[in-house]
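Sequences listed follow chains A and B, in order. If you're matching positions, the first sequence starts at 115 in the working numbering and goes up one per residue. If you're matching positions, the second sequence starts at -17 in the working numbering and goes up one per residue.
Take these hints with a grain of salt, some might be off.
[Stated by the list, open to error] Below are the EDC-like pairs computed for lysine to aspartate or glutamate, each with C-alpha atoms no more than 20 Å apart in a straight line:
#, chain 1, residue 1, chain 2, residue 2
1, B, Lys226, B, Asp606
2, A, Lys141, B, Asp321
3, B, Lys633, B, Asp287
4, B, Lys75, B, Glu567
5, B, Lys226, B, Glu247
6, B, Lys386, A, Asp158
7, B, Lys135, B, Asp321
8, B, Lys14, A, Asp149
9, B, Lys578, B, Glu687
10, B, Lys226, B, Asp287
11, B, Lys385, A, Asp158
12, B, Lys141, B, Asp321
13, B, Lys633, B, Asp403
14, B, Lys578, B, Asp421
15, B, Lys14, A, Asp158
16, B, Lys226, B, Glu240
17, B, Lys75, A, Asp158
18, B, Lys386, B, Asp519
19, B, Lys141, A, Asp158
20, B, Lys14, B, Glu38
21, B, Lys385, B, Asp403
22, B, Lys385, B, Glu687
23, B, Lys75, B, Glu224
24, B, Lys578, B, Asp392
25, B, Lys578, A, Asp149
26, B, Lys385, A, Asp147
27, A, Lys141, B, Glu567
Just so you know, the hints here were simulated from the structure itself, not pulled from any lab data. Since the structure is predicted, the reported quantities are computational estimates derived from the model, not experimental observations.
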Amino acid sequence: MNGVAFMLPIALGMGLFGLASFFWALKRGQFGDLDGAAARILIDEEDLP
Amino acid sequence: MTAPAMHIAIPDDAVHSVLAVPGMHCAGCMGKVERALSAVDGVASARTNLTARTVEVVHSPQVETPTLVAALAATGFDAQPREIAAEPVSAVKPLLAPLGVAAFACMNVMLMSVSVWSGADGTTRALFHWVSALIGVPAIVYAGRPFFASAWKVLRYGKTNMDVPISIGVTIATGLSFYETIIGGAEAWFDGVLMLLMFLLAGRVLDAMMRDRARSGVDALLRQVATGTMVVAADGETRWVETKALQPGMLMRVAAGERLAADGEVLRGQTRFDQSLLTGESAPVPAGPGTLVHAGTLNIEAPVDVRVTASGQDTALSEIARLMEVAGQSRSKYVRIADRAARLYAPAVHTLAALTFAGWMLAGAGWYQSLVIAIAVLIITCPCALGLAVPVAQVVAAGALLKKGVLVKDGSALERMAEIDRILIDKTGTLTLGRPVPDEAALCALSPLQASVALALASHSRHPLSLGLVQALAARGILAALLEDVHEEAGQGVTARWNGLSVALGRPASAQGMATALRIQGDAVRLIPFADRLRPDAEAALARLGSLGVEASILSGDSVPAVAAIAHATGLTAQAAASPLEKQEAIQRLQNAGRKVMMAGDGLNDGPALAAAHASIAPGSASDVGRQAADMVFTADSLLAIPRAIRVSRKTMQVVRQNFVLAIGYNVLAVPLAILGHVTPLIAAVAMSTSSLIVVANSLRLAGEAK
C-alpha cells in the first residue's frame, strides 16, 4: 500500500502532464497542417544565412 | 527545424493576406513559394499550409496582392487571393480534444484495471475503482459530448441514429460502474466505456479529415470568377478593386484572358467572350460597344472597358443559385448507411437487453442481478466496430482516389455513387477539354524550325489559342527559338524578329472558326486551326461505364450541330440546347422513373443538375458553382476518373457491408455470453478492441483499389 501511495500520484501526474502538453500543442495550432509538417523537414534551406 | 531566419521587424501596420496556391504539393514547392514571397520587398514573412494549399503572407500595406501573385507566377505557381474571413471551419478540430482526453483517460484507467484483473481486491480494488472513477467520469462526460449532442438532436425530432445506442450504452455503463464503486463492488466498466469512446472518436476524426481534405482541395483549385479587377477611375488612373467592392457604374478594364468579375455593358473595344461555363456554348460570342456581358465569362481576344451594371448577388448567377437551392433538397433527404443500420440495430439491441432483464427476473434472480446482466448486454453490443465500419473504409477509399486525382467531398458521396445506373454527361468542358487544342495535322505539317518560332511567339501571349499552342508544342518536345523585339498587339497577335526575319503569330486574314496564322518572312503563311477536343481516354472511359452497367448520354447546353458532332464521335445519344432548368428536369424525369442518375458537368449552367442528381462529379477546371455542387471533383484531364470513381465507390460499399458482417458476427459470439451473465470487463475490453482491429484491417484492403 505504501508503494501505491507514491506510484499512483506519479503515474497520474505524468498522464496529466501529457494531456496538458497535448492541449497546449492543439491550442498553438501544431495540428493545423499535418501534411505540411511532414513535408517541411525536406525543405532545402541552403540559401538562408 | 527552425523557422526561416527572417529577422525583419514586423511593422505595426502589417497586413495579413492569404493566397490559395493549388499547384503546391510537396516540400520543394513549399520552399519555393516561401522563398519567392520572402524575397518581395515589404514582405515580413510567408508561411505555407500544405493541407489547405494556401500561404499566409505578412506584409506592409504598400505591397498589393497582384505583386504577390506575380512573384509566385515568376516561379511557376498560380495563386489567387483568398479572404481570411472566409477561412473554413475545420471539422477535425473540435474532435481532436475529445479524442486526446479519451485516449489519456483510457490508458490511465486501464493501468488500474490491469491491477484489478490480476487479482487486486479489498481496499486496493476499491481505491483503484475510485481513482478510475475520478479520471473516468469527467473524461466520459467531456469526450462523449459529440455523441450526446448528436443523439439528443435526432431524438428531439423523434428519429434515431448510431449515436443513440452509443449514448444510452455509455450513460448506463458509467452509472452502473459508479454505483459499483460506491458499494465496493467487484466490477467497474470505466475502461471499456473509455475505449469505446476512443475508437468511435478515432472513426469520427478520420471521417472529418476526409471532408476537410477534400474541401480544402476544392477551395484551392482556380477560382473562376475573378476575385477582383482593374477599375478605371474618373481621372484615368487604374487600380485593383475586389469583387465585393464593385459598384454599378464603375468602369472595369478587362484584359484578354481575364474573367469578368461582374455583369456589365461593353463601352469600348471589340472582343469575343467565351461563355461556355455559363451557357455550355462552345463557340466564343463576339462583343462590342453596347453588348451585355456576364460575370464569370472569359474575355479571349482584346482588352475592353466594361461599365458594371450589376455585381454580387444581382448578377445573372443568382437565378442559377436559386434553382440549385431547390434542387439540393432532395439529396439532403438521403439517409447514410450507418444511420440506416442504426435504425435496425438500436431497437434490436434494446429489446434484447429488456428481454434479458425479464428472463433473469422470471428465472428468479434478484432485480439488481438481472439489471447488471442486462446492462452487460448493452455494453457488449455497443457498436464499437460498427462505428468504425463505415468511416474507416470510406477514408481509405477516399485517400486512394485522392492519389489518382479524384477529390471526394464526403462519405455519403461514395455511398450514393455506388448506386448509380445512369449517367448524364455535359459536353463542353466535361466530355471535351473545354479549351482550344491545335489541329494535329497542322502541327505535323510545321517544320521543326517553324514550330520553334511558333512556340516562342505563342509563349509571349496569354491568349487562349496561344496557351493551347504552347501546351501542344511543348508536349512534342519542341524548344522555343530566340526572338528579338517581341511585341503583342491586343486582338492582332505577337510580332518579333528572328535571325533578321520578321515573324508574326496572329489572327488569320480570313477568320473562320478558331485559328491562328504563323507568318515567317519569305515563307508561306501557315494556318493552324483549333478545336475543342474530347478528353483523353474518353472512349475507354465510356466503354468502362458500359461494362459497369451504367448507361451514358450527353446533356448539353450547346447548339445542336456542335453536340451532334461529339455525339457522333462517341456514339452516345444526346440532348442539346438544354437550359439549366431543362437539365435539372431531365434528371428529375429519369429519377422519377426509378433510375439512380449521376451528373457529370462543369459549368454554371450544370449547377442545378449537379445538385439534383443522385450523385455528381465535376472536372477541376469547372466553375466554382460546378465544383461546389458536385460530390466529387477530378483534377486530371483523363475521363477515366468517372468510371474509377464509380468502381471504387461500389468496392467501398462492398467492404462496408463486410465490415458490418464482421462487427455483427462479433456480437453473435459475445451476446450469448453476456445474456448468460458470463461477461466481465476484461472480456468486454478484449472483444471490443479485437473486433475494431479486424474491421480496420479489412478496410485497409481498399488502399490499392483505385488503380
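Hint check results:
About 16 Å separates the Cα atoms of B/Lys226 and B/Asp606, which keeps this hinted pair within 20 Å; it holds. Between the alpha carbons of A/Lys141 and B/Asp321 the distance comes to roughly 33 Å, so the proposed pair goes past 20 Å and is violated. The hinted pair formed by B/Lys633 and B/Asp287 fails the criterion: a straight-line CA distance of about 53 Å is larger than 20 Å. Between B/Lys75 and B/Glu567 the CA atoms are separated by roughly 40 Å; this puts the pair beyond 20 Å, and the hint is violated.
Between B/Lys226 and B/Glu247 the CA atoms are separated by roughly 18 Å; this keeps the pair inside 20 Å, and the hint holds. At roughly 27 Å between alpha-carbon atoms, B/Lys386 and A/Asp158 are farther apart than 20 Å, so this suggested pair is violated. A threshold of 20 Å between alpha carbons decides the hint, and for B/Lys135 with B/Asp321 the separation of about 14 Å falls inside it, so the pair holds. Of the supplied pair hints, the one linking B/Lys14 and A/Asp149 holds, its CA atoms being roughly 17 Å apart against a limit of 20 Å.
Distance restraint check for B/Lys578 and B/Glu687: the Cα-Cα separation of roughly 23 Å exceeds the 20 Å cut-off, and the hinted pair is therefore not satisfied. For the hint pairing B/Lys226 with B/Asp287, the CA-to-CA distance comes to about 19 Å; that is within 20 Å, so the pair holds. With a C-alpha separation of about 25 Å, the suggested pair B/Lys385 and A/Asp158 falls outside the 20 Å cut-off, and the hint is violated. Between B/Lys141 and B/Asp321 the alpha-carbon distance is near 10 Å, which keeps this suggested pair within the 20 Å criterion.
A distance of roughly 15 Å separates the Cα atoms of B/Lys633 and B/Asp403; the hinted pair therefore holds under the 20 Å criterion. Between B/Lys578 and B/Asp421, the direct Cα distance comes to roughly 38 Å. Violation of the 20 Å bound is thereby established for this hinted pair. Distance hint between B/Lys14 and A/Asp158 is fulfilled; the C-alpha atoms sit about 9 Å from each other, no more than 20 Å. About 17 Å separates the Cα atoms of B/Lys226 and B/Glu240, which keeps this hinted pair within 20 Å; it holds.
Distance hint between B/Lys75 and A/Asp158 is unfulfilled; the C-alpha atoms sit about 30 Å from each other, more than 20 Å. Between B/Lys386 and B/Asp519, the direct Cα distance comes to roughly 15 Å. Compliance with the 20 Å bound is thereby established for this hinted pair. For the hint pairing B/Lys141 with A/Asp158, the CA-to-CA distance comes to about 55 Å; that exceeds 20 Å, so the pair is violated. A threshold of 20 Å between alpha carbons decides the hint, and for B/Lys14 with B/Glu38 the separation of about 14 Å falls inside it, so the pair holds.
Between B/Lys385 and B/Asp403, the direct Cα distance comes to roughly 25 Å. Violation of the 20 Å bound is thereby established for this hinted pair. For the suggested pair B/Lys385 and B/Glu687, the alpha carbons sit about 11 Å apart, so the restraint of at most 20 Å is met. Of the pairs offered as hints, the one joining B/Lys75 and B/Glu224 is violated, with about 31 Å between alpha carbons and a cut-off of 20 Å exceeded. Straight-line distance between C-alpha atoms of B/Lys578 and B/Asp392 comes to about 19 Å, which keeps the hinted pair within the 20 Å bound.
Only pairs whose Cα atoms come within 20 Å are accepted, and B/Lys578 paired with A/Asp149 is rejected, the gap being roughly 36 Å. Straight-line distance between C-alpha atoms of B/Lys385 and A/Asp147 comes to about 18 Å, which keeps the hinted pair within the 20 Å bound. Restraint check: the Cα-Cα separation between A/Lys141 and B/Glu567 comes to about 49 Å, which exceeds 20 Å; the hinted pair is violated.
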